[in-house]
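Kindly generate the complete structure, drawing on both the sequences and the hints.
Spelled out, the chains give:
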Amino acid sequence: MDTMFHAHTLLIIAVGAVATYLTRVGGYIFITRMKRIPPRAEAALNAVPAAVLATLVAPAAVTGGFDVSLTMAVALLAGFRLTLLPMLGVGWVFVMILRHVIG
Amino acid sequence: MTPATKEEIRDALRRGIAVGIAAAPFAVLFGAVAIDNGLTLAEATLMSATLYAGASQLVGVELFNHNVAPWLVILSIFAVNFRHVLYSAAIAPHIRHLTFWQKATSLFFLTDPQFAETERRADAGIRVSYVWSMVLGLSVYVPWLCLTVVGGLLGNLIGDPRAIGIDVLLPIYFMGLVLGFRSRVNWLPVVIASSAGSILALHFVGSPWHVSLGALAGILVAALMPIDHNEPAAPVGEPVRGEA
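Each protein sequence line maps, in turn, to chains A and B.
According to the working numbering, the first sequence is numbered sequentially starting from 1.
According to the working numbering, the second sequence is numbered sequentially starting from 104.
Don't read these hints as lab results, they were simulated from the structure.
All C-beta atoms, glycine included, are put in the ideal place defined by N, C-alpha and C.
What follows is a set of in silico ranges between Cβ atoms, one per label pair, in the way DEER data are often shown:
{"no.": "1", "chain 1": "A", "residue 1": "Leu77", "chain 2": "B", "residue 2": "Thr208", "range": "35 to 43 Å"}
{"no.": "2", "chain 1": "A", "residue 1": "Gly65", "chain 2": "B", "residue 2": "Cys249", "range": "25 to 33 Å"}
{"no.": "3", "chain 1": "B", "residue 1": "Ala207", "chain 2": "A", "residue 2": "Ala41", "range": "22 to 30 Å"}
{"no.": "4", "chain 1": "B", "residue 1": "Asp139", "chain 2": "A", "residue 2": "Pro38", "range": "45 to 53 Å"}
{"no.": "5", "chain 1": "A", "residue 1": "Met34", "chain 2": "B", "residue 2": "Asp139", "range": "43 to 51 Å"}
{"no.": "6", "chain 1": "B", "residue 1": "Asp331", "chain 2": "A", "residue 2": "Val101", "range": "45 to 53 Å"}
{"no.": "7", "chain 1": "A", "residue 1": "Val93", "chain 2": "B", "residue 2": "Ala145", "range": "35 to 43 Å"}
{"no.": "8", "chain 1": "A", "residue 1": "Val18", "chain 2": "B", "residue 2": "Leu116", "range": "24 to 32 Å"}
{"no.": "9", "chain 1": "B", "residue 1": "Leu256", "chain 2": "A", "residue 2": "Pro38", "range": "49 to 57 Å"}
{"no.": "10", "chain 1": "A", "residue 1": "Val101", "chain 2": "B", "residue 2": "Val234", "range": "45 to 53 Å"}
Derived coverage of chain A by chain B (criterion: at least 3 residues anywhere in the stretch with Cβ under 8 Å from a Cβ of chain B; other residues may be distant):
{"no.": "11", "region": "3-9"}
{"no.": "12", "region": "17-28"}
{"no.": "13", "region": "31-39"}
{"no.": "14", "region": "66-76"}
{"no.": "15", "region": "86-100"}
What follows is the structure, given as structure tokens:
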């Protein structure tokens, strides 16, 4: 490795980092500037966790292939009974066995 | 150190470890993919240290390889990370008591799990302290950095994440987080709208826009639902199921 950093790459990383940090503080700054939060806005904010996190789950479950879909379904059932870490364990063991069986 | 602070640190570490295990393969994967796409080990590590947002880092290095215009790379990173705007708005009531610098530093660590854990803690009626936020943040951040380096050094050792079954870990982890919020008002309609919205958007618009568009669908559903004025919007103090 001759050089540790390239100017071009460094610039993208720097601007990307600033942009990312702005997204992390932006919502707070915006919402605290509002005098009073209307009930519907509050209902909307209350829905943010499930709404955003679901978009990281559903496409993966649908487009990941049969093995992933089935594993996600099993993990979903497990998730109603188990805490996070055991749920991960169930999903991992299931997908490993499934892939071993169906090749 | 007061017993209360000790308990906060213990709780934050316990959750941080769970997050770390779920995210670890992706830190290694990022390191490996980054080197594969022409970044140096120093650049990959710097990217993990300053962006600290896995999905956007992977999207970013993927675009590096295709010689895409710099502004488009940055726009893509911004698009993938736009959900953080919603996160920091949503946790605003829980962190308002912190000082300016405490907010400025702890918000740097606002990732998906950090957000979910913060909401969960507030849901349980526990005050979100600076110590708790920072311990949780750092217990995920430090391994994330170290494992980026490991991934970069290993290069392509993890040729196929599917072969060792780690590709399902992060979706399952996020699903667990979604389930953790199931006691909230309108949870099911929101989840259905977001899921359907993101799948449709992925098909018709493409990645990474499906995240923002899908989330928007769920949030719109929540905003348009009839509001019960007798009940507070957030079930504060309600016990959170499923976690010790």
